[in-house]
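Asks: Residue numbers (the numbering used here), protein chains in the order written: chain A, 1 to 110; chain B, 1001 to 1144.
Mixed in with the good hints, there may be bad ones.
Stated by the list, open to error - Cross-link-like lysine-lysine pairs, in silico, DSBU-like; alpha carbons within 35 Å at most:
1) A/10 - A/67
2) B/1083 - B/1115
3) A/67 - A/15
4) A/67 - B/1115
5) B/1115 - A/15
Unchecked claim - Derived list of chain A stretches under chain B, where covered just means 3 residues or more per stretch with a C-beta under 8 Å from a C-beta of chain B:
6) 15-25
7) 45-55
8) 58-65
9) 91-99
To be verified - Partial pick of chain A residues on the chain B-facing surface, computed with a CB cut under 8 Å:
10) 69
11) 83
12) 87
Note that these hints are calculated values from the structure, not bench results.
In this text, a Cβ means the ideal position worked out from N, Cα and C, and glycines have one as well.
Residues per chain are reported as follows:
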Amino acid sequence: MNIEPTELEKAIVLKVVGRMDAENADDFQQACERWIAQGSRHLIADLDGLQYVSSMGLRAFLAVAQKLQSLSGSLILCGLHGLPRQVFEMTRLLSLFPVYDNLQQAIDTL
Amino acid sequence: MDAPFARLTLPARIDSVPAFHEFVRLGAELAGLGPPEMDWLDLVLEEILVNIARYAYQPGTGDIEVGYAVEQPGLLLVEISDKGSAFNPLASDPPVLGGGLADRPIGGLGVFLVKNIVGSLAYRREQDRNTISFTFPGPNRGAA
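Same shape as in the complex, but just chain A:
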């Protein structure tokens, strides 16, 4: 899994590419927590390149979203498709996140 951050005016975009599993889900959570510690309150996870996510990845997404919500911020998801999208749907997590089809739509809402 590769995580590429981009700073925007109102949010940080984290482009996640590859597979998020038990070995690396913590890397995503820690990357998000570093931005939160630096004052970021809106993170956009661009998941167009995410091919695979297991329950350890779901746990990381949930933990970050809960943290941001407690700070009046949000974790926004975009580009979800394939297995990751079905996993979010199966576990009824999709409705808990702001979800957009693509990055531009997510940026436009801020």
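With chain A's structure known, arrange chain B on it following the hints.
Replies: Frame of chain A; chain B shown alone:
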């Protein structure tokens, strides 16, 4: 049920998961399953293996054995065994799936996913071994 089993034993550690993935994918190929199904199979294996790696041998260490057999074209039978303490993960309470973001527990989704992806699924304890067996794919997981 008489199909020959291929088996692989590795340490019960999270870093063994990729090698088990590779091993069982060979079986999936023999069964004629395609790449989209391979990722779902990886997911089921990861969820079960991570549970064992984290909890079965606490506080010690041990091994996990994974075996597979092609039940019939398009259907793989997988068995995952350990010699850790007796534990049936399939008997755990279902996760809380309702409520808002703040109320959602962050764990407990792994076994739920497994149950939703595989076909038949069973746990047995015999000769000091925990064994989880499942068939793949299940009815909800076609070649999508």
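Asks: Would you mind marking each hint as holding or not holding in the structure?
Replies: Going through the hints against the structure:
This hinted pair checks out: residue 10 of chain A and residue 67 of chain A have alpha carbons roughly 18 Å apart, not beyond 35 Å. Our distance criterion of 35 Å between C-alpha atoms is met by residue 1083 of chain B and residue 1115 of chain B, whose separation comes to about 23 Å. In summary, the hint linking residue 67 of chain A to residue 15 of chain A is supported, as the alpha carbons are separated by about 20 Å, within the 35 Å threshold. For the given pair, residue 67 of chain A sits about 29 Å from residue 1115 of chain B by alpha-carbon distance, which is consistent with the 35 Å threshold.
Taking the CA atoms of residue 1115 of chain B and residue 15 of chain A, the gap is about 30 Å. The hint holds against a cut of 35 Å. As drawn, the stretch 15-25 of chain A meets chain B at 3 residues by the rule of a beta-carbon pair under 8 Å; at three or more, the given contact holds. Check on the stretch 45-55 of chain A: 4 of its residues sit with their Cβ under 8 Å from a Cβ of chain B, so the three-residue criterion for coverage holds. With 5 residues carrying a beta carbon less than 8 Å from a beta carbon of chain B, the stretch 58-65 of chain A meets the three-residue requirement, and the given coverage holds.
For the stretch 91-99 of chain A, the stated coverage by chain B holds: 5 residues have a C-beta nearer than 8 Å to a C-beta of that chain, and at least 3 were required. The interface hint given for residue 69 of chain A is met, as the beta carbon of that residue sits about 6 Å from the closest beta carbon of chain B, less than 8 Å. Evaluation of the residue 83 of chain A hint against chain B yields a held restraint, the C-beta minimum of about 5 Å falling below 8 Å. Satisfaction of the interface hint for residue 87 of chain A is found here, the shortest Cβ-Cβ separation to chain B being roughly 7 Å, below the 8 Å cut-off.
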